[in-house]
Amino acid sequence: MNKTLKTHDSFLRPGMTLIGKWHQKRYVIIRKLGNGAIGSVYLCDANGKKAALKISDMSTSITMEVNVLKSLGKVQGKSLGPSLLDVDDWVTPQGKTFSFYVMEYIHGRTLPEFMKQNGNEWIGVFMLQLLEDLSNLHQSGWVFGDLKVDNLLVSGSPTRLRWIDVGGTTQIGRAIKEYTEFYDRGYWGLGTRKAEPSYDLFALVMVFLTVFYPNHFPKGANTEVTLFKKVNEVKALHPYQDCLKKALTGKYQTSNEMRQEVSTVIYDLQKTDTTPKRKHDHPSLALESIGFLIIALGYYLSSLLIP
Amino acid sequence: MKKGTLKQILLITDGCSNKGEDPAATAALAYQQGITINVIGILEDNQTEDPEGLQEVEEIALSGGGVSQLVYKQALSQTVQMVTKQGMTQTLQGLVNLELKQILGRDQTMDDLDPEKRGEIMEVVEDLGETSDLEVLVLIDTSASMHDKLPTVKEALIDLSISLNSRVGRNRFAIYNFPGKRKDIDKVLDWSPRLDTFSSVFPKLTSGGITPTGPAIREAMYQFGKKSLLRSFRNNHEQDIENA
Chain A
69 MNKTLKTHDS FLRPGMTLIG KWHQKRYVII RKLGNGAIGS VYLCDANGKK
119 AALKISDMST SITMEVNVLK SLGKVQGKSL GPSLLDVDDW VTPQGKTFSF
169 YVMEYIHGRT LPEFMKQNGN EWIGVFMLQL LEDLSNLHQS GWVFGDLKVD
219 NLLVSGSPTR LRWIDVGGTT QIGRAIKEYT EFYDRGYWGL GTRKAEPSYD
269 LFALVMVFLT VFYPNHFPKG ANTEVTLFKK VNEVKALHPY QDCLKKALTG
319 KYQTSNEMRQ EVSTVIYDLQ KTDTTPKRKH DHPSLALESI GFLIIALGYY
369 LSSLLIP
Chain B
30 MKKGTLKQIL LITDGCSNKG EDPAATAALA YQQGITINVI GILEDNQTED
80 PEGLQEVEEI ALSGGGVSQL VYKQALSQTV QMVTKQGMTQ TLQGLVNLEL
130 KQILGRDQTM DDLDPEKRGE IMEVVEDLGE TSDLEVLVLI DTSASMHDKL
180 PTVKEALIDL SISLNSRVGR NRFAIYNFPG KRKDIDKVLD WSPRLDTFSS
230 VFPKLTSGGI TPTGPAIREA MYQFGKKSLL RSFRNNHEQD IENA
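Top line first, the protein sequences correspond to chains A and B. Position in the first sequence counted from 1, then plus 68, gives you the numbering used here. Position in the second sequence counted from 1, then plus 29, gives you the numbering used here.
Derived by calculation from the structure, the hints in this document are not laboratory data. Be a bit skeptical, because a hint or two may be false.
Claimed, not checked - Taking lysine-lysine and the PhoX-like style, the derived pairs with C-alpha atoms no more than 20 Å apart in a straight line are:
1) Lys297/A x Lys313/A
2) Lys287/A x Lys183/B
3) Lys93/A x Lys216/A
4) Lys146/B x Lys89/A
5) Lys146/B x Lys93/A
6) Lys183/B x Lys48/B
7) Lys142/A x Lys146/B
Work out the full structure, taking the sequences as your base and the hints as a guide.
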């Protein structure tokens, strides 16, 4: 696999212009954004607009990803993945052909970065956003598959968790196309690799565990015990721990079930958040009434002085 | 279209063969019989990416129509399932290309089509990969140098069975190891739909420096023959075309 990456690096440099074989569109390479499981992603300039270009010599894998992006585009009104702009081939001056596609460039910070800077109160928000998107995806017959921190970005104004790599997206009922061991319930011995909503919900829990255990952790003798212990040990996840454990053991059939329970937790959390405030109010209320009493008493006494 | 069965040999080895015929030649022979050969070469932790002993890994896969990958043992699980699936896709794509040539003319392959048409064809290939039946014969090198790698191999195979049994199509697995006690290969597990049944019977190691990879592939080929008299996916497929 490394060999294919080497070939891309040797062909593409910042400042180079790349013209598609079929659609004749021009793309100026700005810089490399990263390497995926198949091929590399470059930031490029497409007619004055920034876009992300993914290129690989594994033509079939690129084609499969494009198919996924196209069907995600058909999920109406919801921007689940990056939107697809162009699909084409590039023939190098040396005559070698690479397949590529161009998609919307999503700019943002990674989930752990964002949480470090903005605090853990965002956990609930992101959990709900993710569950809503997953629910839309599942309802249109797909499962995300390779859900992991590396495939998510937090984009700004409005703050939203976006999916940047949908290469693992698989039709419900089939075998998961692409996965990463730590996020995979098969690896933990807690389920199959069949594409069903509960597969994504397991991975979702692992996404939030990764935020707090960036270096991950070993399986241990009993994987369920290990995972439960890790969930318990994170203070910021305490309010959600029942939901998370249910997701880990496949108790939720749909992402909507989990979303409802998570929003109940958040609702309760906000209620308990306001009660200490009221307690805070009490002393000032007492002070105020004592003040009124003293003034009233003063007036009463002075009224006694008037004959 | 009637669904055929894809046949694969998955060879897991760590080094050069030194007995019997050239493994690349027997691999080519197996490919002629409609069996694809995928090869995984396991690297020692301190080995670099391209050691000499593992060069034959790529050659065997090339002449066997399959996929090869060199890997450190830590990444074995994911590689085993990736190589198996890529091998399936490659075989199916080969068949599709064959048909395209018949329809479109001599030199047309999938890569000569525009991206939109290619996408549609890939969907068909993916469908076939998901739904067709698969037979995998796992051939494990159990020469002395593999000693510390076998537990990882076992884990990877159980993991492979999780992946493949999540597909719609049916699977059958068999496991053989080489060199065998008296023969070139020994049976570890007979054809069965799952791999978790073999946990108790993993091969004892054979000492000595013999690695008869070539003869092992030849013997492995016959294990398919015994069961289904070489009615390969390819043959079925051609019949389908004629019928249509």
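Hints, verified against the model:
With a CA separation close to 10 Å, the supplied pair Lys297/A and Lys313/A stays within the 20 Å bound. For the hint linking Lys287/A to Lys183/B, the alpha-carbon distance of about 17 Å falls within 20 Å, and the restraint holds. With a C-alpha separation of about 33 Å, the suggested pairing of Lys93/A with Lys216/A is violated against the 20 Å cut-off. As the CA atoms of Lys146/B and Lys89/A are separated by approximately 15 Å, the hinted pair is consistent with the 20 Å bound.
Simply put, Lys146/B and Lys93/A have alpha-carbon atoms about 19 Å apart, close enough for the 20 Å limit, and the pair holds. This hinted pair does not check out: Lys183/B and Lys48/B have alpha carbons roughly 25 Å apart, beyond 20 Å. Straight-line distance between C-alpha atoms of Lys142/A and Lys146/B comes to about 18 Å, which keeps the hinted pair within the 20 Å bound.
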